[in-house]
Amino acid sequence: MAAPDGIVLEGVSKTFRGRGKVVEALRDVSLACPSGSFTAIIGPSGCGKSTVMRIALGLETADSGSVRIAGEAPMEAARAGITGVAFQDAALLPWRSVRRNVEVPLEVLRRRPSDHAAEVAAMIGLVGLGGFENSLPGELSGGMRQRVAIARALVTHPQVLFMDEPFGALDQILRRQMNVELQRIWAETGSTALLVTHGIDEAVFLADRVVVMHAAPGRVVEVIDVPFERPRRPPLFSDPAFHRVCDHIAEVLHGG
Amino acid sequence: MAADRGSGWRGLRVAILILALWEVAGRFDLVAGGALPSVGEILVRLWQDRADYPLHVWATLYASAAGFVLGNLAGVAAGVVFALSTTALRIFRGVNIAIFALPPIAIAPILVLTLPGMAPRVALAALGVYFVTMTATVVGISQADSRAADLVRAYGGSRRDVLRLVEFRGALPVILAGLRIAAPNAVLGAILAEFGGGGRWGLGTYLLGSLGRGEPDRLWGIGVIATLIAGLSYAAFALLSRRFLGSARAVTLNTAVPAAQPDRGPLARRIVMSLATVALPFFLWWVFIKATGVPDLIAKTPAAVVDYLFFSPAAGAAQERLWAAMAQTLPITFLGMVAGLSFAFILAILSRLAPRAIEAFMPVALVTQTMPLVALTPLLVLILGRGTSLTLWVTISVTFFPAFVTLAQGIALVPRSAEELPRVYGASRWTEMRMVTIPASLPYLFAATRLTVPRALLGVMIAEWLATGRGLGNLLNQSRGYLDYAMIWTVAAVSVGLAVLFYQAVVMVERRVLGRLGMTTAE
Chain H
1 MAAPDGIVLE
11 GVSKTFRGRG
21 KVVEALRDVS
31 LACPSGSFTA
41 IIGPSGCGKS
51 TVMRIALGLE
61 TADSGSVRIA
71 GEAPMEAARA
81 GITGVAFQDA
91 ALLPWRSVRR
101 NVEVPLEVLR
111 RRPSDHAAEV
121 AAMIGLVGLG
131 GFENSLPGEL
141 SGGMRQRVAI
151 ARALVTHPQV
161 LFMDEPFGAL
171 DQILRRQMNV
181 ELQRIWAETG
191 STALLVTHGI
201 DEAVFLADRV
211 VVMHAAPGRV
221 VEVIDVPFER
231 PRRPPLFSDP
241 AFHRVCDHIA
251 EVLHGG
Chain W
257 MAADRGSGWR
267 GLRVAILILA
277 LWEVAGRFDL
287 VAGGALPSVG
297 EILVRLWQDR
307 ADYPLHVWAT
317 LYASAAGFVL
327 GNLAGVAAGV
337 VFALSTTALR
347 IFRGVNIAIF
357 ALPPIAIAPI
367 LVLTLPGMAP
377 RVALAALGVY
387 FVTMTATVVG
397 ISQADSRAAD
407 LVRAYGGSRR
417 DVLRLVEFRG
427 ALPVILAGLR
437 IAAPNAVLGA
447 ILAEFGGGGR
457 WGLGTYLLGS
467 LGRGEPDRLW
477 GIGVIATLIA
487 GLSYAAFALL
497 SRRFLGSARA
507 VTLNTAVPAA
517 QPDRGPLARR
527 IVMSLATVAL
537 PFFLWWVFIK
547 ATGVPDLIAK
557 TPAAVVDYLF
567 FSPAAGAAQE
577 RLWAAMAQTL
587 PITFLGMVAG
597 LSFAFILAIL
607 SRLAPRAIEA
617 FMPVALVTQT
627 MPLVALTPLL
637 VLILGRGTSL
647 TLWVTISVTF
657 FPAFVTLAQG
667 IALVPRSAEE
677 LPRVYGASRW
687 TEMRMVTIPA
697 SLPYLFAATR
707 LTVPRALLGV
717 MIAEWLATGR
727 GLGNLLNQSR
737 GYLDYAMIWT
747 VAAVSVGLAV
757 LFYQAVVMVE
767 RRVLGRLGMT
777 TAE
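Protein sequence lines correspond, in order, to chains H and W. Take 1 as the starting number for the first sequence in my numbering and just add one per residue. Take 257 as the starting number for the second sequence in my numbering and just add one per residue.
Just so you know, these hints were derived from the structure itself, not from any lab. Every residue, glycine too, gets a C-beta built ideally from N, C-alpha and C. Take the hints with a grain of salt, since some may be wrong.
To be verified - Reference excerpt, derived from the structure (chain H facing chain W, CB under 10 Å, subset only):
#, residue
1, Gly-58
2, Glu-76
3, Ala-77
4, Ala-80
5, Phe-87
6, Gln-88
7, Asp-89
8, Leu-92
9, Ser-97
10, Ala-149
11, Val-223
12, Val-226
13, Cys-246
Please put together the full structure from these sequences, using the hints given.
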């Protein structure tokens, strides 16, 4: 069983109804992420992996089953400022500068941004955007925008960090750079991380455990431990042992 | 940018050409025996009348501006409420459709009867603004970045936080784009209320006073000034939103009354909601009368109108007059609308063949959109006389231009590749149009129809009121003279009811047809 401050889903089911169609998005999904661990969820499109995250965030409610984030209900955890989140597209507010975008979670949590100016600056520095504090999102590249989203996810010092394909829109080269940086940032903050991704190598490089899901109905088919030592370095991407793990995951993904 | 400038120059050349032709036609009295004065003659007359204008212009400006501010406040507030609560949106749908479809001239006399001083003008201007701004607010808020909204909610943000941080700010450009259409509407509303009576000053009053004197140059002068005010207000907000949006897209009125997702609740609940939707406009009518405290003799509640029309001793005569008026008004409205729409549809389809000619014509079409109907009608009276052809032409001209703009812009959105596909297989221009352009423009044809329903009825009623002495417009004007208060309220209610009925009929046909074709409604 996971420590009380991790992520725990037990027997979660969710069905969507609309326009005469019924989609069973999740059937009896259980997941336990210990405190301080890094878990990746991987699966084909429509397998419900994003739904798992939205339920854990309190954006959707499960039809049945229970969800605990650091021992609390999702919405309570969110209101207490325990969670941080980064989505697939950066979802920046185009009219706000980089700094003001990073401040959004603080404003929602009714914390005064001026009291946290040092942290905001530190997070922007951490993701390598020092000097761009007053730029508008429209003036940044895709990779820079995504890094703003990461800084925004970290600014509240979350105990639990959710990421839904945070680098999905980036090219392969930039993506690897970001993976290395994310690992460094995560190690510095010591939070419990849950990453939803399409990329097998990304999942293996970052996670302690990879959860493989299948679609129709969305369900967990296997949880694979990733044994590599930390900190992991870019050469790992070409290590044969790394590829063996990746191949195994690919087999499970394709119903092997 | 270069292309923009090019079309700008072309527009200027067309404008100069039109002015030159106008000057020649006016100088030599070529149109209807001098009913069309030359540009020079109009300017000279404007100069001679210069002492009259300031007070008239000021009165109209004051009422339009006050109505503009109030209407926008109400529109934004209502839009926010509707965006937050689908229940409110559902219950107010009837009210919203009525406000969109109502011919302002029909309720102008009512407002004059019930409200003091400048209030009727302000109210009518505000009504013209409310719908545009309310719709823009609802659309803007519902189009907001859902991911950004999720983000705020993921941090435990409330619905209010989402609205404050994401949606409202995101909706501002859409609202601003709506304001440029709302501004000329406010001017139109103010002038129409001046027709309803009361007050010495205002361009509408001036126009009405000058109409009987048969002085074309003065009427044209008033028309030019009214158009200038409306056009400048459009331009001012176009400039503002260009600054804000960084784009100069021409905007037309969004004619879809915002609708909530179909209710999937229990049947009983749905029935109650539908009844509330229909009943609410009548309830507000009743509340309005009680709130203004106008005596029963003058102000008629819904019940009083029903009583007058069906149970009073005068019911038979009243019904007869009403039927006679409707029999005169409706056919011509329908005919004018069909003619205006067909003309616009054919020209817009053909515009695909000669895009350059249309590009030059577009600025002219946009200017006429900001031209207040009321300024146009007297000018057409001068040219066409007071017969039925006048009504028809007024209706065609008020439906044609907005329909054309909506259609041309819609057809321009049809992807080139979709049109090129048949061509690759050797299709003729006609086949290409039949297979792609015409079906693809259907949603815009319906959007244009929804837009022109209230305009057509308004156009016909203005022509009847001012000139032809027939139909509902005339009955309304006549009843004012006879102090036949019950008939004033009846005609107003019937006109609004007819407009709503028309509108709903179009919406139903639209849903059926587009649903069968697997298309969605054009905004």
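Hint check:
{"no.": "1", "hint": "Gly-58", "result": "7 Å, holds"}
{"no.": "2", "hint": "Glu-76", "result": "8 Å, holds"}
{"no.": "3", "hint": "Ala-77", "result": "8 Å, holds"}
{"no.": "4", "hint": "Ala-80", "result": "8 Å, holds"}
{"no.": "5", "hint": "Phe-87", "result": "5 Å, holds"}
{"no.": "6", "hint": "Gln-88", "result": "8 Å, holds"}
{"no.": "7", "hint": "Asp-89", "result": "6 Å, holds"}
{"no.": "8", "hint": "Leu-92", "result": "7 Å, holds"}
{"no.": "9", "hint": "Ser-97", "result": "14 Å, violated"}
{"no.": "10", "hint": "Ala-149", "result": "9 Å, holds"}
{"no.": "11", "hint": "Val-223", "result": "25 Å, violated"}
{"no.": "12", "hint": "Val-226", "result": "27 Å, violated"}
{"no.": "13", "hint": "Cys-246", "result": "29 Å, violated"}
Checked against the numbered hints above, the structure breaks hints 9, 11, 12, 13 and satisfies the rest.
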